[in-house]
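Produce the complete structure using the sequences and hints provided.
Residue numbers (my numbering), protein chains in the order written: chain A, 1 to 219; chain B, 1001 to 1219; chain C, 2001 to 2233; chain D, 3001 to 3233.
Honestly, the hints are just simulated from the structure, not real lab data. Here a beta-carbon is modelled for each residue, glycine too, at the ideal position from N, C-alpha and C. Among these hints, one or two may not hold up.
[Stated by the list, open to error] Okay, derived cross-link-like pairs now, DSBU-like style, lysine-lysine, Cα gap no bigger than 30 Å in a straight line:
id: 1; chain 1: B; residue 1: Lys1120; chain 2: D; residue 2: Lys3134
id: 2; chain 1: B; residue 1: Lys1071; chain 2: D; residue 2: Lys3089
id: 3; chain 1: B; residue 1: Lys1120; chain 2: D; residue 2: Lys3074
id: 4; chain 1: B; residue 1: Lys1124; chain 2: D; residue 2: Lys3089
id: 5; chain 1: B; residue 1: Lys1124; chain 2: D; residue 2: Lys3043
id: 6; chain 1: D; residue 1: Lys3134; chain 2: B; residue 2: Lys1121
id: 7; chain 1: B; residue 1: Lys1071; chain 2: D; residue 2: Lys3075
id: 8; chain 1: D; residue 1: Lys3089; chain 2: B; residue 2: Lys1120
id: 9; chain 1: C; residue 1: Lys2161; chain 2: B; residue 2: Lys1040
[Said to hold, decoys possible] Residues from chain B that face chain C, not an exhaustive set, calculated with beta carbons under 7 Å:
id: 10; residue: Asp1018
id: 11; residue: Gly1019
id: 12; residue: Tyr1021
id: 13; residue: Glu1041
id: 14; residue: Leu1051
id: 15; residue: Ala1076
id: 16; residue: Thr1078
id: 17; residue: Gly1079
id: 18; residue: Ala1080
id: 19; residue: Ser1081
id: 20; residue: Ile1082
id: 21; residue: Ala1090
id: 22; residue: Arg1093
id: 23; residue: Gly1094
id: 24; residue: His1096
id: 25; residue: Gly1135
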Amino acid sequence: MALTRDQVAQRVAQELQDGYYVNLGIGIPTLVANYVPEGKEVMFQSENGLLGMGPFPTEDEVDPDMINAGKQTVTAVTGASIFSSADSFAMIRGGHIDLTVLGAFEIDVEGNIASWMIPKKLIKGMGGAMDLVAGAANIIVTLTHADKHGKSKLLQKCTLPLTGVGCISTVVTDLAYIEIKDGKFHLKERAPGVSVEEIIEKTAGELVIEGDIPEMKLG
Amino acid sequence: MALTRDQVAQRVAQELQDGYYVNLGIGIPTLVANYVPEGKEVMFQSENGLLGMGPFPTEDEVDPDMINAGKQTVTAVTGASIFSSADSFAMIRGGHIDLTVLGAFEIDVEGNIASWMIPKKLIKGMGGAMDLVAGAANIIVTLTHADKHGKSKLLQKCTLPLTGVGCISTVVTDLAYIEIKDGKFHLKERAPGVSVEEIIEKTAGELVIEGDIPEMKLG
Amino acid sequence: MAGFNKIVDTFEEAMAGLEDNMTIIAGGFGVCGVQAGLIEQIKKMGVKGLTIASNNCGLETYGLGILLENQQIKKMIASYVGENALFAKQMLEGSLEVELTPQGTLAEKMRAGGAGIPAFYTATGYGTAVAEGKETKEFDGRMYVLEEALKGDFALVRAWKADTMGNLVYHNTQRNFNPMAATAGKITVVEVDEIVEPGELNPADIHTPGIYVNRVIKTQHDKPIEFRTTREA
Amino acid sequence: MAGFNKIVDTFEEAMAGLEDNMTIIAGGFGVCGVQAGLIEQIKKMGVKGLTIASNNCGLETYGLGILLENQQIKKMIASYVGENALFAKQMLEGSLEVELTPQGTLAEKMRAGGAGIPAFYTATGYGTAVAEGKETKEFDGRMYVLEEALKGDFALVRAWKADTMGNLVYHNTQRNFNPMAATAGKITVVEVDEIVEPGELNPADIHTPGIYVNRVIKTQHDKPIEFRTTREA
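Right under this line is the structure:
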């Protein structure tokens, strides 16, 4: 069975380590905050200028001046700090974020990522995505392995305009946990009940399979 | 009569305008703070990271963490702000200081300044001088017109290692107020009792004298 | 105005001197930290041909978006402009030029403009459409793109408190692009919730020193919320 | 150490991992904002061949100057080194390499190192000895010099208060180069007057966010004064 969005988030959350500073993109990445492993403390960074993002506010706590990068009202946790967007992206560009999780349209075997623009559709802009993929040493990309017509999003070469080049090394899809190195995808884990054959079939880029591929362990 | 150090400072202080943010170098420039014209407010910037430098502290007020760029204990005036040296030099480099006053060893007709290094003497470093001359739109250099052997410091071409190129347009010496433009010195005022001839004699670089040269008006 | 008093009493005074074809650097992220009053004044003045650098372009009824109606904006430099149908229309028609710039690069370009740094290298955007036509250079085995500074004839800033000398503090994430915008304008105009006396703000906690600020005006606007998300109490 | 607790109890722990030939970025201006205890620990450890970037090199008996006695410093990157006779001696003998860097350029090089900016252009030093061998480029009719970022294996920071998560505030002009140094070290170690609980520092007034800080230790040192200048009460 393909993973649900929440299960993808759950698998990504297993990569969180105690004391990590983490930036989560919108969509599935946001859900990762709900699955921080017991006994581990992490702090979330919001690139508009907040380190230590907390949960949504209660009605009484709502403050129009306290929002996250998705422009939602949020709170700050104890020990949070607030700063300018220049300082925030200095933090990101300088590689100080331990883990960045974000979505994508396409990924390829060179670690290239396309996530911001679909030609002929309306162009809205890249926001902070190009900065995040260029700055982070440790990035996990989440996306569905293939689109609803079965067309793979894990390609030999991205077809859409790129967000960054050679910057992605870990991908978690609804079917698999995959690492990228030496210009190839490497299958490391498969979703429970999903066969290696299905993953091969839905992966357009070169995929290396070494030995037995274990099933993911989820909560 | 050649001006005293205090009289040089007094003449420079006449250039202060209401609402000016000013950076004063060490030596004669520091004395300018004592001659702010009546009814004019100015704020002094200290490049280590203080805007709104006040007078020296009383014994009770002395704080090792409140010093100026000369490493002297100082105070902060009401409305002061304190920031990092990067922010301080962003302010300087970005041209936000209205007036910078600093000393020099030599000045030449191209507006070049040499102020930080005398070969064969011990090299101590340029501190913030190169940043200040590169950043300020409006700089006044103070120096004695000639050394004690009568050798001019206002040259056709600086002989000492430069602090900055083409950045000086106003010079106040113990003998004269001089502007630099079109590759020449232009005599604008002379110290009370000092003859144009003496200034000509002590100026090695090309000096333009147009019409009558008035005496400086001092307090 | 005498000495360091930066307070002005009317929005007319606040934006005096703004002319056709000028460049404006504006703080704000979404509808947070936006200079609603100053922008309404710009609409009232009717100046045209503006180039505006700001992370977003507001909504159709709030912030920079209201300048679209009479086509006052010639060119927009932004990282994300997805909130506004009129914007999309003018962009597609070709009457509005758009220079999409990554958010962090945009913030740094504004800082550079204020800090006398004409250009800097960044890895952001290397190998993408953003790097087209720009110089690149290798440092330590990695490729970087040369990005140039942004400066404006005017800078628009939204802050929480200003003292009369123009020292500013921002409220929470209202800060966003405002401190960099403040440094990058020939004339920097600030719209604030509250004006206090000099000495009321702690010198070490001032976010923008008054040296960057030319005019301060008290706002008359409430703060909107784009996505009001809450949890049970 | 669990979660975000950055506090260490001994100077040995604070400087653990420092090895011969490493690079250190240190805050401080004169004797203000200097990491006296961390530097004494480096002297005790006896590591050699250090490259140190700091605005000054301390006095013979205080700050980085105490590392000269046993020739622990191989290279110094500074803007002003006039306070120290032993420094002059080692420089003239050729046992100490010195790279003089303008003060503002040095501050910006440290900031750039922390901010992922490998290099930037500045007008500072153009046409002087500082620009020799460096790339230059014209922007808008003026010439600029390309300056590269500085990064360290360790960064030494002096602050006033830290919370246990490493959020810092500086006291008055103690701040100087410390915030930039904090961002530029692989391991950033902070010596503070006072340790407080998370939440005691106002989030909007934190000068250095804890993300930059690896270790915090309470100081045992008084603060010296280089030039004690006073006026009559």
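query = Taking each numbered hint in turn, which are not upheld by the structure, reported in ascending numerical order?
reply = none
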